[in-house]
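The hints should help you fit chain B onto chain A, whose structure is shown.
First to last, the protein sequences are chains A and B. With our numbering, the residue at position 51 of the first sequence is 51, and numbering never jumps. With our numbering, the residue at position 6 of the second sequence is 167, and numbering never jumps.
It should be emphasised that the hints constitute simulated quantities derived from the structure, not laboratory data. Every residue gets a Cβ at the ideal spot worked out from N, C-alpha and C, and that includes glycine. Among these hints, one or two may not hold up.
Each computed BS3-like pair below joins lysine-lysine, with the alpha-carbon atoms no more than 30 Å apart [claimed, not checked]:
1) B:K182 <-> B:K167
2) B:K182 <-> A:K158
3) B:K182 <-> A:K54
4) B:K167 <-> A:K11
5) A:K54 <-> A:K158
6) B:K166 <-> A:K158
7) B:K182 <-> B:K166
8) B:K169 <-> B:K182
9) B:K182 <-> A:K11
10) A:K11 <-> A:K54
Computed from the model, here is a short list of chain A residues facing chain B with C-beta under 10 Å [to be verified]:
11) V38
12) S42
13) V138
Spelled out from the first residue to the last, the chains are:
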Amino acid sequence: MPTDPEPADTKEIARRRRRVLESARSVGFVGRVEYRHVYDQSGGAHYGRGSSQKVDLLTVTAEAFERDADSEDFSLLAIVAHERGHQIVARHPRLSRRLSGSSLAAEEVLASLLGALTLGSGFDSDSLVAKATAELLVNGVAPDGAVRLIEELWTTMKELL
Amino acid sequence: MTGSKKLKQIRAELEAALGSKPAGDSEIASALRRVIEHTQPTTRKKAKRARSTKSAS
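Extracted from the complex, chain A is given alone in its bound form (with noise of 0.2 Å):
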């Protein structure tokens, strides 16, 4: 990837801020929604908890919409679903109490699971479930058991939304 963002006119700006709050409030996020035409590493979206949730922070950055045309990649849909299983982890008062101390791999597979839970059926769905699926796979979980347990999260983050 090159070190900086193409540069973009303001209405490019304005266009992905407008598609950006189309995706947060679609996947259910509450709080501010902000898109910052930079790189940070975040993989093209990072969750902020405020003091409540209706000033939680979802940033997207020009990464995210990279990643949104190449069709080898995430969509900007999916990237924003999984800020908002970052949410729902954060502010489920049963969620977050049983997530407290955890390590950082299961939240980030419950992300996910969420994520693709606001999604309902269709690819970006699929893709997020994948993305979980790897996830403990990649933290050494076998192969049957690591989709045993995304079954099992699966059907318990269900009953629990």
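Leaving out everything else, chain B in the frame of chain A:
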């Protein structure tokens, strides 16, 4: 954070671990199959190209 690992890389990791057609009829197994199979057209094109090169030689 979303993480910078591309979907293409995730797909390759899943295929290496679970095979090209993960077994099972659960929603999860179906989703994983759809993601892995997403590459199949390219793979098929490559295989087709390889076959036609072979038969031409």
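Is the shortest C-beta separation between V138 of chain A and chain B less than 10 Å?
holds (7 Å)
K182 of chain B paired with K167 of chain B [C-alpha distance capped at 30 Å]:
With a Cα-Cα distance of about 20 Å, the restraint between K182 of chain B and K167 of chain B holds, given a limit of 30 Å.
Compare the distance between the alpha carbons of K182 of chain B and K11 of chain A with 30 Å, and conclude whether the hinted pair is satisfied.
Status violated; Cα separation ~44 Å.
Is the hinted pair K11 of chain A and K54 of chain A satisfied, with a Cα-Cα distance of at most 30 Å?
holds (28 Å)
Check the hint pairing K182 of chain B with K54 of chain A against an upper bound of 30 Å on the C-alpha distance.
violated (43 Å)
Straight-line Cα separation of K166 of chain B and K158 of chain A no greater than 30 Å?
Given pair K166 of chain B, K158 of chain A holds - Cα atoms ~26 Å apart, limit 30 Å.
Hint check: is the beta carbon of S42 of chain A less than 10 Å from a beta carbon of chain B?
holds (5 Å)
If you draw a straight line from the CA of K169 of chain B to the CA of K182 of chain B, is it 30 Å or shorter?
holds (16 Å)
Compare the distance between the alpha carbons of K167 of chain B and K11 of chain A with 30 Å, and conclude whether the hinted pair is satisfied.
holds (28 Å)
With 10 Å as the cut and Cβ atoms as the points, is V38 of chain A at the interface with chain B?
Interface hint status for V38 of chain A: violated (14 Å vs cutoff 10 Å).
Given pair status - K158 of chain A, K182 of chain B, alpha carbons within 30 Å
Holds, at roughly 25 Å.
Agreement of K182 of chain B and K166 of chain B with the hint, judged by alpha carbon distance not exceeding 30 Å:
holds (22 Å)
Checked against the numbered hints above, the structure violates hints 3, 9 and 11; every other hint is satisfied.
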